[in-house]
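Chains as they are written, first to last, in my numbering: chain A, 1 to 258; chain B, 1 to 315; chain C, 1 to 310.
Don't read these hints as lab results, they were simulated from the structure.
Some clues are possibly wrong.
What the hints assert, rightly or not - Only part of the chain C face toward chain B is listed, based on derived beta-carbon distances under 8 Å:
#1 Val35
#2 Arg110
#3 Thr213
#4 Leu299
#5 Phe300
Even glycine gets a Cβ: it sits at the ideal position worked out from N, Cα and C.
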Amino acid sequence: MRAVDKAAVLAEPLLVARGLTKRYGGLVANAGIDFDLRPREVHAVIGPNGGGKTTLLGQLMGEIEPDAGTIALTGADITALAVPERVLRGLARSYQVTSVFPGFTVLENVAFGLRARRRTTSRFWRAARTGGELGEAAAAILRRVGLSGRSGVDAAVLSHGEQRQLEIAIALSTTPKVLLLDEPLAGLGVDEGRRMVDLIASIAGPIAIVLVEHDMDAVFALADRITVLVDGAVIASGAPDAIRADPLMRSAYLGEDL
Amino acid sequence: MSRAVLLLAAALFVVLLAAVPAALLLDLPYLLFLFQQLAILATAAVGLNLVLGYAGLPAFGHAAFVGIGSYTVGILATELPGTLFTSAWVQLPLAAALAGLVAALIGAVSLRTRGVAFLMITLAFGQMLYFAAVALERYGGDDGMILVAPSRLGEQNLSRGVLSYTISVAVLAVALYVSFRLMRSPFGTVLRGAAANERRMQAVGVAVHRYRIGAFAASGALCGIAGVLLANHTAFISPATLAWTRSVELAVMVLLGGAGTLFGPLFGAAAFVLLEEVLSGVTEHWRIVFGPLLLLVVLAAPGGIAGLLGRQSND
Amino acid sequence: MTLFLEQALNGLQLGVLLFLLSAGLTLVFGIMGIVNLAHGSLYMLGAYFAVTFTGWTGSFLLGALAALLATVIVGIVLERVAIRGLYDRPHLEQVLGTFGLILFFNEGARLVFGPAGLSLAPPAWLSGQVTLLPGVVYPSYRLAVLVAGIAAAGGMYWLVARTRAGMLLRAAAANRNMAEALGVNSRLLFLAVFALGAGLSGLAGILAAPLLTVRVGMGEEVLLLAFVVVVIGGIGSIRGALVAALLIGVLDTLGRAYLPGALRFAFAGPVADAVGPALSSMLIYFAMAVVLVVRPRGLFPTSARTDVAA
Numbered sequence: 001m002r003a004v005d006k007a008a009v010l011a012e013p014l015l016v017a018r019g020l021t022k023r024y025g026g027l028v029a030n031a032g033i034d035f036d037l038r039p040r041e042v043h044a045v046i047g048p049n050g051g052g053k054t055t056l057l058g059q060l061m062g063e064i065e066p067d068a069g070t071i072a073l074t075g076a077d078i079t080a081l082a083v084p085e086r087v088l089r090g091l092a093r094s095y096q097v098t099s100v101f102p103g104f105t106v107l108e109n110v111a112f113g114l115r116a117r118r119r120t121t122s123r124f125w126r127a128a129r130t131g132g133e134l135g136e137a138a139a140a141i142l143r144r145v146g147l148s149g150r151s152g153v154d155a156a157v158l159s160h161g162e163q164r165q166l167e168i169a170i171a172l173s174t175t176p177k178v179l180l181l182d183e184p185l186a187g188l189g190v191d192e193g194r195r196m197v198d199l200i201a202s203i204a205g206p207i208a209i210v211l212v213e214h215d216m217d218a219v220f221a222l223a224d225r226i227t228v229l230v231d232g233a234v235i236a237s238g239a240p241d242a243i244r245a246d247p248l249m250r251s252a253y254l255g256e257d258l
Numbered sequence: 001m002s003r004a005v006l007l008l009a010a011a012l013f014v015v016l017l018a019a020v021p022a023a024l025l026l027d028l029p030y031l032l033f034l035f036q037q038l039a040i041l042a043t044a045a046v047g048l049n050l051v052l053g054y055a056g057l058p059a060f061g062h063a064a065f066v067g068i069g070s071y072t073v074g075i076l077a078t079e080l081p082g083t084l085f086t087s088a089w090v091q092l093p094l095a096a097a098l099a100g101l102v103a104a105l106i107g108a109v110s111l112r113t114r115g116v117a118f119l120m121i122t123l124a125f126g127q128m129l130y131f132a133a134v135a136l137e138r139y140g141g142d143d144g145m146i147l148v149a150p151s152r153l154g155e156q157n158l159s160r161g162v163l164s165y166t167i168s169v170a171v172l173a174v175a176l177y178v179s180f181r182l183m184r185s186p187f188g189t190v191l192r193g194a195a196a197n198e199r200r201m202q203a204v205g206v207a208v209h210r211y212r213i214g215a216f217a218a219s220g221a222l223c224g225i226a227g228v229l230l231a232n233h234t235a236f237i238s239p240a241t242l243a244w245t246r247s248v249e250l251a252v253m254v255l256l257g258g259a260g261t262l263f264g265p266l267f268g269a270a271a272f273v274l275l276e277e278v279l280s281g282v283t284e285h286w287r288i289v290f291g292p293l294l295l296l297v298v299l300a301a302p303g304g305i306a307g308l309l310g311r312q313s314n315d
Numbered sequence: 001m002t003l004f005l006e007q008a009l010n011g012l013q014l015g016v017l018l019f020l021l022s023a024g025l026t027l028v029f030g031i032m033g034i035v036n037l038a039h040g041s042l043y044m045l046g047a048y049f050a051v052t053f054t055g056w057t058g059s060f061l062l063g064a065l066a067a068l069l070a071t072v073i074v075g076i077v078l079e080r081v082a083i084r085g086l087y088d089r090p091h092l093e094q095v096l097g098t099f100g101l102i103l104f105f106n107e108g109a110r111l112v113f114g115p116a117g118l119s120l121a122p123p124a125w126l127s128g129q130v131t132l133l134p135g136v137v138y139p140s141y142r143l144a145v146l147v148a149g150i151a152a153a154g155g156m157y158w159l160v161a162r163t164r165a166g167m168l169l170r171a172a173a174a175n176r177n178m179a180e181a182l183g184v185n186s187r188l189l190f191l192a193v194f195a196l197g198a199g200l201s202g203l204a205g206i207l208a209a210p211l212l213t214v215r216v217g218m219g220e221e222v223l224l225l226a227f228v229v230v231v232i233g234g235i236g237s238i239r240g241a242l243v244a245a246l247l248i249g250v251l252d253t254l255g256r257a258y259l260p261g262a263l264r265f266a267f268a269g270p271v272a273d274a275v276g277p278a279l280s281s282m283l284i285y286f287a288m289a290v291v292l293v294v295r296p297r298g299l300f301p302t303s304a305r306t307d308v309a310a
């Protein structure tokens, strides 16, 4: 577990959600969730399937409109902002089901986010080259996630493990302050999973991370704080050791995982 | 882009250009008439392909934008004959701007919906403009109007003949070049990327909506230009140009040739026009063969002609 | 006032016909995810069959029954031969394929029934007028269309809301995957839905035949109206189709009847004369645009496959 320095813990949270509520017909996916993320922190969200984890990420990102509640990023209210505007303010996410741009090379996949950040996507006469400064920035991101050798390959033909790495690379391409990761280990083998944990550990710190993950080894290896969601409500939140020790937790969710 | 696609595109342009001496030497004015129609429809199809192919949006109202171009010519010829406004240099940009503006407005409303709903809404907006044209009693209403003053170009005009033909082919070439540049640019890559994965494109900070409205505008403008040429070519302007079945025919050309490929619209327009010509020479009921043929193309060759010739490609 | 009542009844009658057309369309969209442009062709065929079979049998009722049966059979063959291959294809390709079917049916109709428009007299026992209120007379046949349409709509309602088959239908229209999870045989369901849609569309054509000239191209005109109804109602929603069909029918009829006059009241004669007919033709498309701006998924949104990108 990484140490979190005191100054950061005392600092204002980067991302603050209050009273987030989302209903689907009779089903309450999120029931008044309070959630925050401090600078440099990895905050894991765990809980059984259907507990409301992905709905929470969707609302934080702006893809799902909350029925009630507010979201603030670096002190500014972003509840009403659309997804792209939140991205330009420093929010990014990855998806549980791999979501890349098929038909585009790995390098081009990363270039979209870089261009959006530089606001050069609306140029409509110059060719979209991925050379120069942009190419270097893209190559640097691919090096970070371990995809350097694959930059010219169509994203659609990558292996599942490589697509998961690209998934992270695309999220990094927007130079986020806050990264929401939705089950980054989904479908990965043991070795690939271990590499993914290392990758997340290497980007954590400068980027604060909300981590939704079922793999408890990964969660306890990475998280500075853990929040448990059951039936759309927070039933516990605290340091990993406290969560691990909580008897309610053992019976309610962790069960055989420990 | 596969070699076969490039070769076919080059061959088509050679044929389009060789048609001029052939028509003059063999005294076959009809050849030029037919090929000019092909070039004009191909230009409109290139425009539609920006939205339908590259942006992957099932838009089916583009005949209306062609109609806006045609009516611009017709109305100016009726109202302001002998003035600057019957010059092609004024009419072409004016028609492009008008059609582009209307297309952007229609796009902005239609893009609030997705999938089937989007498809039906674009069809319905096209139909709305069709009725608007029918209601123009002063310009012939349902019956349409004869173009009294073709677009002037210096001492000559765009009505018929070699100059008009050459310009239509040149406009097609320019449209293809614009499509080529546009789709390789950051703007175009965003459009294609959003077609591949819209949610992710938003999630990397791109407001997809604006790009799609931009694509609508560009696509409408190209169709408007085709409309100017079409009005001069047929010397006749009527609401039939805007009928929704015309919109579907344009889409059929794009799909037949290969949606989302550079030369697909050209191939599709050529196949459509030439098939119609050949089949209608055999029987007046040619559509009874042509219709099932379209169905067969969908079922057997979903990538269209460009798909058959090689890898369906983005570049 | 009498004129208004008559126009309102005409509007309702158009609405009922539109409902018959769009109920099938909305189910086929909702359940099978198919954009079927040839839906209007079945309407046209229903009308042609009605003219033909009434001529043969000498009885409108027998002719109508035979025409209905024939349209359903055409629908079943169509599903088996052509539509089945288009499931799970992009909408663009479905449009291309079913446009081919329009060309085929139109040309086929021209070959079989001749190029000239045909007309069908309403049966003798419905050719008169009825007095609805003192001073308000209305053609019997139009009233019969209204009644028959309401009966068919009622039958649809009963089928969809009260029977087990209807329950499966609604489940499938709202969420196809869920219906498949419930063990619905989707091949059979699709065939049944398509046949039902064909029958309803054919019925609309049969009922409309004595009201207009039966000709090639009549299907394409009415198809767009049915599209507007489906979009306003919410794709996959029968209830939405009913509400929207009546709304559009009345709005279109009253708009054509009264909008030009109302404009003449507000503007100078020539302006009103020029703008009036245009505005009344475009009225329903404006209505559609307004509904979409306020409610992009229609009045009665379902979770049908509307957000599946093409």
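Quick rundown of the hints versus the structure:
no., hint, in the structure
1, Val35, "6 Å, holds"
2, Arg110, "7 Å, holds"
3, Thr213, "16 Å, violated"
4, Leu299, "13 Å, violated"
5, Phe300, "13 Å, violated"
Going through the hint list in order, the structure does not satisfy hints 3, 4, 5.
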